[in-house]
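Place chain B on chain A using the hints.
Here is what each chain is made of, one letter per residue.
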Amino acid sequence: MTFSRCLPLLLALLVFAGCAKGAPEDKARAQGGAASRGSSFVTGSIGEPSNLIPILSADSASSDVAGLVYNGLVRYDKNLKLEGDLAQSWEVSPDGLGITFHLRRGVKWHDGHDFTSRDVLYTYKVTIDPKTPTAYAEDFKQVQTAEAVDTYTFKVRYAKPFAPALASWGMPVLPAHLLEGKDITKSPLSRKPVGTGPYIFKEWVPGQRLILEANPHYYEGAPHLSPYVYRIIPDNSTMYMELKAGGIDMMGLSPVQYQRQTGSREFLSRFNKYRYPASAYTYLGYNLRLPMFQDVRVRRALTCAINKEEIIQGVLLGMGQIAHGPYKPGTWAWKPKIEADPGYDPARAAALLKEAGYVMGSDGILVKDGKPLSFTIMTNQGNDQRLKCAQIIQRRLKRVGIDVKIRVMEWASFLTNFIDKGRFEAVLLGWTISQDPDLYDVWHSSKTGPKELNFIGYKNPDLDRLIVEGRGTFDMGKRRESYYRIQEILAQDQPYTFLYVPDALPVVASRIKGIEPAPAGISYNLIKWYVEQ
Amino acid sequence: MTNYLIKRILMLFPLLLGITLITFTVIHLAPGEPVEMQTAMSPKVSAQARARLREFYGLDKPLHVQYGMWLSNLAHLDFGRSFAPDNRPVLDKIKERIPITISLNVIALILEFGLALPIGILAAVHRDTLLDRAISVFVFAGFAVPTFWLALLCMYFFGVKLNWLPISGIHSLGSDALPTLARFWDLAKHLLLPISIATFGSLAGLSRYMRSTMLEVLSQDYITTARAKGVKERVVIYRHALKNALLPVITLLGFSLPALIGGSVIFETIFSIPGMGQLFYQGVMARDYPLVMGILVIGAGLTLVGNLLADLCYAFADPRIRHGRG
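Top line first, the protein sequences correspond to chains A and B. Residue 532, in numbering that gives the first Met the number 0, is where the first sequence stops; the numbers in between run on with no holes. Residue 325, in numbering that gives the first Met the number 0, is where the second sequence stops; the numbers in between run on with no holes.
Here chain A stands alone, though its shape is the one from the complex (with noise of 0.2 Å):
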């Protein structure tokens, strides 16, 4: 067959395919027209899940569904205050050191079995037995002792006060029905969960989608969206194009998608926009190892010449705030104003290093004992923001006399090659912020050796005592105010400049309702959302 004869072939079938508009479902979708019960809801994810088993996986894609459909002891409410899930209420010991679960009663597993203390005793054991591969033993190796008392209460005692331990019971709980004295890692429960939550189970296709259906017998009444359809779709644009094409109902844009893209009439019809902070934050860390970045004037000086409002407005679009701190914007913890934070100020800037025994050279960099004031900014590749960020930080330095280098690596072998062996200078990168405000693992002094949190080497015995002070209490008056001299020390200190908080900017499909933003977020009430009739 020659090329000639080929071609209307091809056309053909192009016009062929083009007779029929979109799939059945595709078309119901974008008339919006559907019952208020039944309705199914798309999302769309860049990654696939790895185990839904949760102890045994990491990833937020996992984490996602299996939030669906396990339950935890305890949860973070629309407020991010902890409130009963599978508890219905708990008591902390008047010496802080116990914590006594009134469990749920009626709560069922989709298979039909009770829901009892058995079961959270099990996930316990399970987690700190050392055969099993997880990642989430330690807060749960803190304790000291665990028993069910009865079917519907459970007690665990601690050798010392802790307060993260309360949040750490949010875990999902796992079925000790289906697990116990069986190998967890071969279980078929990583494949296709049993839990106790608003969506059950149905399907997953490796590669494309994930399928879950409302739980009619949920303890908070069963979900209104069902089926609940988790979509794998590994590349943003393309994610981007089927939110379009109405294949899917959610999303996360990024700002120059919420900017820039999604402000015509027609969009805004079919969709709605949110945009909250996130639970994030980016910082350039300084090695404190290094003789450059000890002193404190040197890093003082480096937050006066940097400007965050410029980043924020360069790399986000103006779509996230400054940070002062590593808490989220709003929460319990973060302080409001901080009086020793470095605003941005490059003739503040020029005196910190002047005072500091630094001299303009003839090339315009800094000089102090005939070494320049130079450094490399490395940064992981893959992400376009923070080499922005570097060089949007770069330009700025250089205004002060300071001579920035970038240099971007991949993942794994900027930790196990800088990062781990502590050779770097400057790292732009990022934490997510937990919701509960411990930092012992990011900045207690202990936490400096290889492969630990704190790589920078940032170490102040009074920051460690606070850090220990506030993790060992409940009283959330005590915590906040250790927290808030923690921010008051870090601003003094400068051991990051801690640049911006980026906002999270969902689009949800218009037809869903009953979506109520709060400082949680908008996924909170998952289960009130519907479609009107």
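Treat the hints with caution; some may be incorrect.
Unchecked claim - Pair by pair, the computed Cβ-Cβ distance ranges are:
id	chain 1	residue 1	chain 2	residue 2	range
1	A	112	B	252	54 to 60 Å
2	A	45	B	173	40 to 46 Å
3	B	14	A	522	21 to 27 Å
What the hints assert, rightly or not - Part of the chain B face toward chain A, derived, beta carbon under 8 Å:
id	residue
4	84
5	125
6	133
7	277
By construction, these hints were calculated from the structure, which means they are not laboratory data. Where a beta carbon is used, it is the ideal one built from N, C-alpha and C, also for glycine.
Structure of chain B alone, referenced to chain A:
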């Protein structure tokens, strides 16, 4: 011929062994371990938890022991279990992905050869005419335009603007409930864009190759003789020249065999096609050694078989090769 065949087949085994040894060494040379990739920068993970995970995966053993274990498993056709948190057998993961990749690539390959060969012949026969130049521009456009860009453009035009074709994936939601024919049609619609773009992108190389071999044959003396004897041009081209011009293409077909299971990362990512390219990429990024080894061994095996088949075809066509007098 039998001796030649046996010799060639026996040679495959040490070759495959060498390939596995080199790949095993190379993937372990890359910085970062699977455990690192899963747990790095997580405040929840202690050194003990890491050690526990390393032990679970057998990474605490010396490298040669790990290789020995892997090799002995392979002797029983056991590719081991993935180091991803799902810990599933590597073979299961590959089996899930391979049908779609093979189907896609076979169709693309048929289309590619089906289009490129006539295009090449047409260009050669009408050498230096307007048609030849137009064809050159067309195929080189496909070669020069980045696949991902073209893919996104087509997805936007056919998927979003016209709403004719699905944008990504290989099935619509709820397609399981459709009758067989409708299901097939649904699949076909999903594959239309990816296959067209894959084919368009690879037309240039093959059609140019076909054009040049055809031109070479057309300049041979026997063609001139045939023409001088007054044989019709159509007969000269399609009976005398084409047969000989097609011989080198056999080699290309042999090389295409491993590519059938390779898949393409960019392509599969853009169209959300759960194929081997994606799986391999994920495996490499997560340092999932058994998975990467599994895919590479199958790929290497197919490459060797492909080469063998191409050589056999050649030997069949040219007796000098099989008697070692090439």
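Practice task
List, from low to high, the hint numbers that the structure doesn't satisfy.
Solution key: The structure breaks hints 2, 3, 5, 6; every other hint is satisfied.
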